[in-house]
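From first to last, the protein sequence lines stand for chains L and D.
Those letters in the first sequence? Residues 1 to 522, by the numbering used here.
Those letters in the second sequence? Residues 1 to 522, by the numbering used here.
Just so you know, these hints were derived from the structure itself, not from any lab.
Just so you know, not all the hints are guaranteed correct.
No distinction is drawn between identical chains; accordingly, a pair holds when it is met within one copy or between any pair of copies.
[Stated by the list, open to error] Quick list of in silico lysine-lysine cross-link-like pairs, DSBU-like style, CA-CA up to 35 Å: (1) Lys457 to Lys175; (2) Lys20 to Lys385; (3) Lys103 to Lys31; (4) Lys103 to Lys375; (5) Lys12 to Lys31; (6) Lys343 to Lys164; (7) Lys366 to Lys488; (8) Lys155 to Lys103; (9) Lys359 to Lys31; (10) Lys173 to Lys12; (11) Lys12 to Lys461; (12) Lys164 to Lys461; (13) Lys103 to Lys461; (14) Lys12 to Lys164; (15) Lys12 to Lys166; (16) Lys389 to Lys175; (17) Lys13 to Lys389; (18) Lys488 to Lys164; (19) Lys375 to Lys389; (20) Lys166 to Lys519; (21) Lys247 to Lys166; (22) Lys366 to Lys461; (23) Lys166 to Lys103; (24) Lys173 to Lys103; (25) Lys26 to Lys247; (26) Lys461 to Lys397; (27) Lys36 to Lys103; (28) Lys519 to Lys366.
Number of protein chains: 2
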Amino acid sequence: MNIQVNEDVIIKKNIAFLKKAEQLRKPLLHKNVAAKSIVEVEADASMIHGWKMRQIAPIQDLENYVLGQGDSITIDFGEHVVGFPSLSILPIGSPPDAPLYLKLTFGEMPVEIAEPFASYDGWLSKSWLQEAHYHVDVLPHTLDMARRYSFRYLKIEVIDSSPKYKVVLQHVKIKMISSANTHNLKERPNTSDFFQKLDDVSVKTLHDCMQDVFEDGPKRDRRLWLGDLYLQAQTNYETFQNQDLVKRCLYLFAGLTDANGRVAANLFIEPEPIPDDTYLADYALYFMTTLHDYYHATGDIDTLTELWPVALDQIRFAETLLDERYLAVEQPYWWAFIDWNDKLEKQVPIQGLIIFTLKQAISLAKILHSESTKKLTALLENTTKAAQKHLWDSEQKIFVSSSSRQISWHGQIWMVLAGILPSNEAEALLKRTQDLAPEIGLTTPFAHHFLVEAWLKVGNKEAAKQVLVGYWGDMLHQGADTFWELFKPNDLSFSPYGSHLINSYCHAWSCTPAYFIRKYNL
Amino acid sequence: MNIQVNEDVIIKKNIAFLKKAEQLRKPLLHKNVAAKSIVEVEADASMIHGWKMRQIAPIQDLENYVLGQGDSITIDFGEHVVGFPSLSILPIGSPPDAPLYLKLTFGEMPVEIAEPFASYDGWLSKSWLQEAHYHVDVLPHTLDMARRYSFRYLKIEVIDSSPKYKVVLQHVKIKMISSANTHNLKERPNTSDFFQKLDDVSVKTLHDCMQDVFEDGPKRDRRLWLGDLYLQAQTNYETFQNQDLVKRCLYLFAGLTDANGRVAANLFIEPEPIPDDTYLADYALYFMTTLHDYYHATGDIDTLTELWPVALDQIRFAETLLDERYLAVEQPYWWAFIDWNDKLEKQVPIQGLIIFTLKQAISLAKILHSESTKKLTALLENTTKAAQKHLWDSEQKIFVSSSSRQISWHGQIWMVLAGILPSNEAEALLKRTQDLAPEIGLTTPFAHHFLVEAWLKVGNKEAAKQVLVGYWGDMLHQGADTFWELFKPNDLSFSPYGSHLINSYCHAWSCTPAYFIRKYNL
Numbered sequence: 001m002n003i004q005v006n007e008d009v010i011i012k013k014n015i016a017f018l019k020k021a022e023q024l025r026k027p028l029l030h031k032n033v034a035a036k037s038i039v040e041v042e043a044d045a046s047m048i049h050g051w052k053m054r055q056i057a058p059i060q061d062l063e064n065y066v067l068g069q070g071d072s073i074t075i076d077f078g079e080h081v082v083g084f085p086s087l088s089i090l091p092i093g094s095p096p097d098a099p100l101y102l103k104l105t106f107g108e109m110p111v112e113i114a115e116p117f118a119s120y121d122g123w124l125s126k127s128w129l130q131e132a133h134y135h136v137d138v139l140p141h142t143l144d145m146a147r148r149y150s151f152r153y154l155k156i157e158v159i160d161s162s163p164k165y166k167v168v169l170q171h172v173k174i175k176m177i178s179s180a181n182t183h184n185l186k187e188r189p190n191t192s193d194f195f196q197k198l199d200d201v202s203v204k205t206l207h208d209c210m211q212d213v214f215e216d217g218p219k220r221d222r223r224l225w226l227g228d229l230y231l232q233a234q235t236n237y238e239t240f241q242n243q244d245l246v247k248r249c250l251y252l253f254a255g256l257t258d259a260n261g262r263v264a265a266n267l268f269i270e271p272e273p274i275p276d277d278t279y280l281a282d283y284a285l286y287f288m289t290t291l292h293d294y295y296h297a298t299g300d301i302d303t304l305t306e307l308w309p310v311a312l313d314q315i316r317f318a319e320t321l322l323d324e325r326y327l328a329v330e331q332p333y334w335w336a337f338i339d340w341n342d343k344l345e346k347q348v349p350i351q352g353l354i355i356f357t358l359k360q361a362i363s364l365a366k367i368l369h370s371e372s373t374k375k376l377t378a379l380l381e382n383t384t385k386a387a388q389k390h391l392w393d394s395e396q397k398i399f400v401s402s403s404s405r406q407i408s409w410h411g412q413i414w415m416v417l418a419g420i421l422p423s424n425e426a427e428a429l430l431k432r433t434q435d436l437a438p439e440i441g442l443t444t445p446f447a448h449h450f451l452v453e454a455w456l457k458v459g460n461k462e463a464a465k466q467v468l469v470g471y472w473g474d475m476l477h478q479g480a481d482t483f484w485e486l487f488k489p490n491d492l493s494f495s496p497y498g499s500h501l502i503n504s505y506c507h508a509w510s511c512t513p514a515y516f517i518r519k520y521n522l
Numbered sequence: 001m002n003i004q005v006n007e008d009v010i011i012k013k014n015i016a017f018l019k020k021a022e023q024l025r026k027p028l029l030h031k032n033v034a035a036k037s038i039v040e041v042e043a044d045a046s047m048i049h050g051w052k053m054r055q056i057a058p059i060q061d062l063e064n065y066v067l068g069q070g071d072s073i074t075i076d077f078g079e080h081v082v083g084f085p086s087l088s089i090l091p092i093g094s095p096p097d098a099p100l101y102l103k104l105t106f107g108e109m110p111v112e113i114a115e116p117f118a119s120y121d122g123w124l125s126k127s128w129l130q131e132a133h134y135h136v137d138v139l140p141h142t143l144d145m146a147r148r149y150s151f152r153y154l155k156i157e158v159i160d161s162s163p164k165y166k167v168v169l170q171h172v173k174i175k176m177i178s179s180a181n182t183h184n185l186k187e188r189p190n191t192s193d194f195f196q197k198l199d200d201v202s203v204k205t206l207h208d209c210m211q212d213v214f215e216d217g218p219k220r221d222r223r224l225w226l227g228d229l230y231l232q233a234q235t236n237y238e239t240f241q242n243q244d245l246v247k248r249c250l251y252l253f254a255g256l257t258d259a260n261g262r263v264a265a266n267l268f269i270e271p272e273p274i275p276d277d278t279y280l281a282d283y284a285l286y287f288m289t290t291l292h293d294y295y296h297a298t299g300d301i302d303t304l305t306e307l308w309p310v311a312l313d314q315i316r317f318a319e320t321l322l323d324e325r326y327l328a329v330e331q332p333y334w335w336a337f338i339d340w341n342d343k344l345e346k347q348v349p350i351q352g353l354i355i356f357t358l359k360q361a362i363s364l365a366k367i368l369h370s371e372s373t374k375k376l377t378a379l380l381e382n383t384t385k386a387a388q389k390h391l392w393d394s395e396q397k398i399f400v401s402s403s404s405r406q407i408s409w410h411g412q413i414w415m416v417l418a419g420i421l422p423s424n425e426a427e428a429l430l431k432r433t434q435d436l437a438p439e440i441g442l443t444t445p446f447a448h449h450f451l452v453e454a455w456l457k458v459g460n461k462e463a464a465k466q467v468l469v470g471y472w473g474d475m476l477h478q479g480a481d482t483f484w485e486l487f488k489p490n491d492l493s494f495s496p497y498g499s500h501l502i503n504s505y506c507h508a509w510s511c512t513p514a515y516f517i518r519k520y521n522l
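So here's chain L without its partners, still in its complex pose (with noise of 0.2 Å):
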């Protein structure tokens, strides 16, 4: 018996280009980080979740605190941490005569501490919300954890030890792990105190997602994905220019087609690279985004050169979804991300994804001398006009989906983003579109990077301000240390997955104030 990968799906294994990511894996760093204070959660309506942590007492106190059967502590690190924790336990009383039984829980979110994970129930695994239980027979005892967390608050349960001792915990800490080298963090352009903390969370959660590769969240689902390696990339190039781990999670990309040559949306990375069985339009265009980037970034002609095939493979799978009309037609199953929205109809975004990203294709062509430069630019030709003409409501003077005609966010950003209007015209659809607030709105900060992106594009630095002020500054307001998968200040609970408690709170994804703030030196 073996694993079953993805039965439908061949997988093509590029075995010197998983040689290559393998070479480019380097030892993790660390850091062992001390706990800071001793908190309580305690209701507050005016909170994300309607939770918040108050400060009880300084971590030095800890020994006072004598925990028996029942009693619990919760301990704050005073900032999101991801790694493997450890802690020591005392006995005070008479010699244990019956083994400790605790729970940990583990929270990125006060709300995590409050509400009980057996109140869970959306449809991801229960498995990844963050709990372990120890059975202690031997005290005193250093308990070191080996499974790696994505916290900043622990709480510890004495389930039981017995009536004849109690315990006290000592020297709670964290072996912080990343691949982040924060001696080589660039130097921030001068900017407001209020984009100086955007910048520091920021940097923090790329900081705390960057691992043996870059990972979406170090909670959930701790992967390689394709659309936040393309933030991240972009948000690293301005900060910690790993471009090594750059290269390494392309290699492993390109390393694991399928038959076809189509690149995975996500890989998972252990017992040994493996693509999921998801296959998404969008992020597949994103390793040619990606490596245009990585490109622009080093200069390395060589890695350009090799896996140019593979990124032009992505071009060729776009096509696929082009009609007669160079449209991108609606499929029936989920062809592509962009954002969390049922509603949202994908063709009008993705045709400007399309669009955008042929016209990297074509720079790196140039640059590569590539006899596909006649064709993309072609595609481009064509895939543009079909937008002009078939997406283009001349009367609303907007982007809509060809059947359906839904306005949405996304279609406009994308639209902007691929540059098919003028720069004072595609402003202009921007500032339209705010005051229309079509119903189809962006839901996560992945959507609303582009934004920030398209406003940047028109030229419209304050509006691309205001997005990183009101929507990433709310986060902050709300305490965030790093920023979080999902937020809509309007659902505060918002959760794709069906409950806030499996949300990540520290996302790739979102990581990107610090390459706004430090790129166009806002």
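Chain L is fixed; fit chain D onto it per the hints.
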């Protein structure tokens, strides 16, 4: 801060004794044992606790059981085992996109698999209930458990995998550990098939309790108790003959007396030997009886000589319990064990045990030409006369406690063992007690052991055999693989701890049928 060992008791560490004990510590023997079958627990009113196991498939079929969220499987090892289990887990379906979250429940008996531990409300720590939770982040995986478990049945529940994959299990096995070397097992005398079976289960019980020390029970308390040691050592001489392990245990107790020289009722072994803050009159005397038996089993005069003063101190301690009439005085606190029976007054059995022990002490004193011989002899005479004068009810022809005139089985047994009646009168006393069936009866195999010993002392092998068949044999009929800590045929759910879930079902003090069968050729 440091461990506070029993604030009221000062421990006198004899470093030389503890060193000797440490030198006698040997690496444990181990043996890999594979699981045998797949079972299901089902209700059966005719069985103890109302549960039995039904085999549903041989272990070879394990790979046919594909387990997803909420599924569970119960594995039967076919025998009681103690050690470190392991199992391999293979994913089935898409690549695992979430950790696997497992809950494992270990049962010495079907009841531990059938009744949820959450229902436990006994007064011993629920940390003794054997369960474990595992998050497995990378599959396939071999789960090597670092904690020692004592069980026959292992229930494995998939709390969650993910909608995209399930798992199958393979290679469910255990690294069994023991300090009993089966190659040294003495040949068994010819006996009936039923007694062979009694012997097998006794030997297995002892085997599984023989670890780094003679433990009372490998599930709970996993500790060195003097009462258990006394009986284990006796059975050991007739079976595994690990005389060094007895010696090691004697030196441990001798190395950790209190300032007055009292040995503790039990010791904790890890992280270092520590006496529990429980002192019991009967258990202290078992130091002398165990030393007596050890000398006779080994002829090791050096150890006898060295430990004699410690044994003598226990007599001195027993003396402090006597009043001016040389009668043991009932104490208002938990001063002696004898049996799990709250109503039992302990004066008569303790008086009997003191006399019994004095006789052994005098025999040893003579071997050692000890100057204590005379004093011990005088004490024997005085305590014997006191028993005859104040505890013997000549009208009822039975021993009664001096104030309340309580008649207990225990009192008669210990007076018979004390040998203060001629043999025929002693036998008549036992028969009379049997006919009387006193309300204060025997509740544990420990107490039943002394009943068998008493019948044998008066030369009534048949009556002794009837107890083995009727009491231990009843456990066999109820499916015992190893003999239980507690067994009351008329109250099968009896537990002195408030729940049968926490009872130990492989318990040292219950292993003595092998001793009787072999020593007395039953």
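Checked hints:
no. : hint             : result
1   : Lys457 to Lys175 : neither (41 Å within a copy, 65 Å between copies)
2   : Lys20 to Lys385  : neither (40 Å within a copy, 93 Å between copies)
3   : Lys103 to Lys31  : both (25 Å within a copy, 32 Å between copies)
4   : Lys103 to Lys375 : neither (61 Å within a copy, 57 Å between copies)
5   : Lys12 to Lys31   : neither (38 Å within a copy, 44 Å between copies)
6   : Lys343 to Lys164 : between (60 Å within a copy, 24 Å between copies)
7   : Lys366 to Lys488 : neither (41 Å within a copy, 90 Å between copies)
8   : Lys155 to Lys103 : both (8 Å within a copy, 21 Å between copies)
9   : Lys359 to Lys31  : neither (42 Å within a copy, 67 Å between copies)
10  : Lys173 to Lys12  : neither (43 Å within a copy, 37 Å between copies)
11  : Lys12 to Lys461  : neither (44 Å within a copy, 79 Å between copies)
12  : Lys164 to Lys461 : neither (66 Å within a copy, 44 Å between copies)
13  : Lys103 to Lys461 : neither (49 Å within a copy, 54 Å between copies)
14  : Lys12 to Lys164  : between (62 Å within a copy, 22 Å between copies)
15  : Lys12 to Lys166  : between (57 Å within a copy, 25 Å between copies)
16  : Lys389 to Lys175 : neither (57 Å within a copy, 73 Å between copies)
17  : Lys13 to Lys389  : neither (41 Å within a copy, 95 Å between copies)
18  : Lys488 to Lys164 : between (50 Å within a copy, 28 Å between copies)
19  : Lys375 to Lys389 : within (21 Å within a copy, 118 Å between copies)
20  : Lys166 to Lys519 : neither (55 Å within a copy, 45 Å between copies)
21  : Lys247 to Lys166 : between (52 Å within a copy, 33 Å between copies)
22  : Lys366 to Lys461 : within (31 Å within a copy, 104 Å between copies)
23  : Lys166 to Lys103 : both (15 Å within a copy, 26 Å between copies)
24  : Lys173 to Lys103 : both (17 Å within a copy, 27 Å between copies)
25  : Lys26 to Lys247  : within (12 Å within a copy, 54 Å between copies)
26  : Lys461 to Lys397 : within (23 Å within a copy, 107 Å between copies)
27  : Lys36 to Lys103  : both (20 Å within a copy, 32 Å between copies)
28  : Lys519 to Lys366 : within (25 Å within a copy, 97 Å between copies)
Consistency note: the structure conflicts with the earlier hints numbered 1, 2, 4, 5, 7, 9, 10, 11, 12, 13, 16, 17, 20.
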